[in-house]
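Those protein sequence lines, which keep their order, are chains A and B. Be aware that the first sequence starts at 262, since it is given in our numbering, and climbs by one per residue. Be aware that the second sequence starts at 193, since it is given in our numbering, and climbs by one per residue.
Check before you lean on any hint, since a few could be wrong.
[Claimed, not checked] Stretch by stretch, here's where chain A covers chain B in the computed footprint (C-beta under 8 Å, at least three residues):
| # | stretch |
| --- | --- |
| 1 | 210 to 218 |
| 2 | 273 to 283 |
| 3 | 301 to 313 |
[To be verified] What follows is a set of in silico ranges between Cβ atoms, one per label pair, in the way DEER data are often shown:
| # | chain 1 | residue 1 | chain 2 | residue 2 | range |
| --- | --- | --- | --- | --- | --- |
| 4 | B | V289 | A | Q266 | 46 to 52 Å |
| 5 | A | S306 | B | L296 | 40 to 46 Å |
| 6 | A | R330 | B | I301 | 36 to 42 Å |
| 7 | B | L241 | A | D275 | 14 to 20 Å |
| 8 | A | D275 | B | L344 | 31 to 37 Å |
Hints were generated in silico from the structure; no laboratory data involved. Because the structure is a prediction, the values reported are computed rather than measured. We put the beta carbon where it would ideally sit given N, CA and C, even for glycine.
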Amino acid sequence: MSRPQLDARIHAPDRLRLCAFLAPLDEAEFQLIRDELGVSDSVLSKHLSHLADAGYVRLDKRALNGRQRAWASLTVKGRKAFAAHVAALQQIAARANGKA
Amino acid sequence: MERETLMPEPAPKPSPDEARAALASIEQTASDSCARAIYPRWLAAGMALWGGTLVTLGGMDSPWVVPLLFAGFIVYWLWRRAHGAAMREIHSRGGLVRVAVATLALVAIAIGGIVGRAQYGLAWAPYGAGAVIAAGLFAIMEICYAPLRARLASRRA
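Just chain B, same shape as in the assembly:
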């Protein structure tokens, strides 16, 4: 099949008013996009609870860790497919570094829960680590999206 050949497009030369209108259109569309794709608080709370439960069960050597891990990923994947869009979580190298540092901190807490129970006999350690992980994950997600949620709310008002 012969492919359609596109004519080279002339270089655009918008007037200042056209440029301003284009920028306003970009801002509006980007806001609509964020409003459509941002995940709801119940999902953020669910993911935080999932992470905390995984850490608690992991610290207690529960056989439910692996099924719960996969179940969480499957639920998130299905939500994303049904939702039709997903926010871009990492926008820059700085963002990547922040996510890596937060991940390391959360992993350290999870290991602390396991070691606390296994080495020092602290039965509460997995529960404590799980609670800290759940609260930490929810706080991170809220802090990351607070400016965007505020901007979207002010736009709606």
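One chain only, chain A, in its complex shape:
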């Protein structure tokens, strides 16, 4: 049986939750993500930039009520990477259950 392939760019807890939050959505606004994940602006910016650099997240800036708001969404590459990561985690958990 092959070793499950975990993605180091997704695996950090906050980034994993960020991907899990974005996965069912078309897109989400920066402040909403920040509030839902309970992280600071700078931490969320850092994680979003990290995922955007990997091509996993797309960031769009749009004006609303005269203020710039950032919207984030998972790219096709990001969705595939997240799905593969979840599958790898399930494989690890299932192996442990099999041994138990």
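Please arrange chain B on chain A, whose structure you already have, making use of the hints.
Structure of chain B alone, referenced to chain A:
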């Protein structure tokens, strides 16, 4: 400005317990995300009513079709912006096919309403088509989101 260079991250090797905890965290966060983004029933009913009214007015050659069409899109766009998140409606190729088939069926009913009045003089045809479209749209949205709403309700209970 010099860009910060990120160090390559070591390959993660979680223990089975860590993997289970990560999966539980993913499930919880995804549920929270859905609960936050799922549109309320009043919006689904409003969109269904909007679609039905468009079909009825279209069948009656009303000049209000175009303003109502744009008004609906603007209201939805504003709601989406204010809400901060929107559900992903199509997840797979199968989902795309189902949406395409449903759209074709609804368009056929709308055309039936127009033709029924224009060709056969059936004054009720646009009203009938509008009512069917409104009921159909609402039913489709309810059926699509019923499993998710049930899951979220059981999680809250």
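Could you check the hint for me, namely that D275(A) and L344(B) are 31 to 37 Å apart, CB to CB?
23 Å, violated
For the stretch 301 to 313 of chain B, do three or more residues have a beta carbon lying closer than 8 Å to a beta carbon of chain A?
Violated - the stretch 301 to 313 of chain B has 0 residues with a Cβ nearer than 8 Å to chain A, which falls short of three.
Between the stretch 273 to 283 of chain B and chain A, see if three or more residues pass the 8 Å beta-carbon test, and mark the coverage as holds or violated.
Check passed, 7 qualifying residues.
Indicate whether the distance between the beta carbons of R330(A) and I301(B) respects the range 36 to 42 Å.
Cβ of R330(A) to Cβ of I301(B): about 38 Å, so the range 36 to 42 Å holds.
Chain A over the stretch 210 to 218 of chain B, status - at least 3 residues with CB closer than 8 Å:
As far as the stretch 210 to 218 of chain B goes, the hint holds, because 6 residues have Cβ atoms under 8 Å from chain A.
So does V289(B) sit 46 to 52 Å from Q266(A), Cβ to Cβ?
Because 30 Å falls outside the window, the suggested range is violated.
D275(A) and L241(B) - C-beta distance against the hinted 14 to 20 Å:
41 Å, violated
Could you see if the CB distance from S306(A) to L296(B) stays within 40 to 46 Å?
At roughly 44 Å between Cβ atoms, L296(B) and S306(A) fall inside 40 to 46 Å, so the hint holds.
This entry does not satisfy hints 3, 4, 7, 8, going by the numbered hints stated previously.
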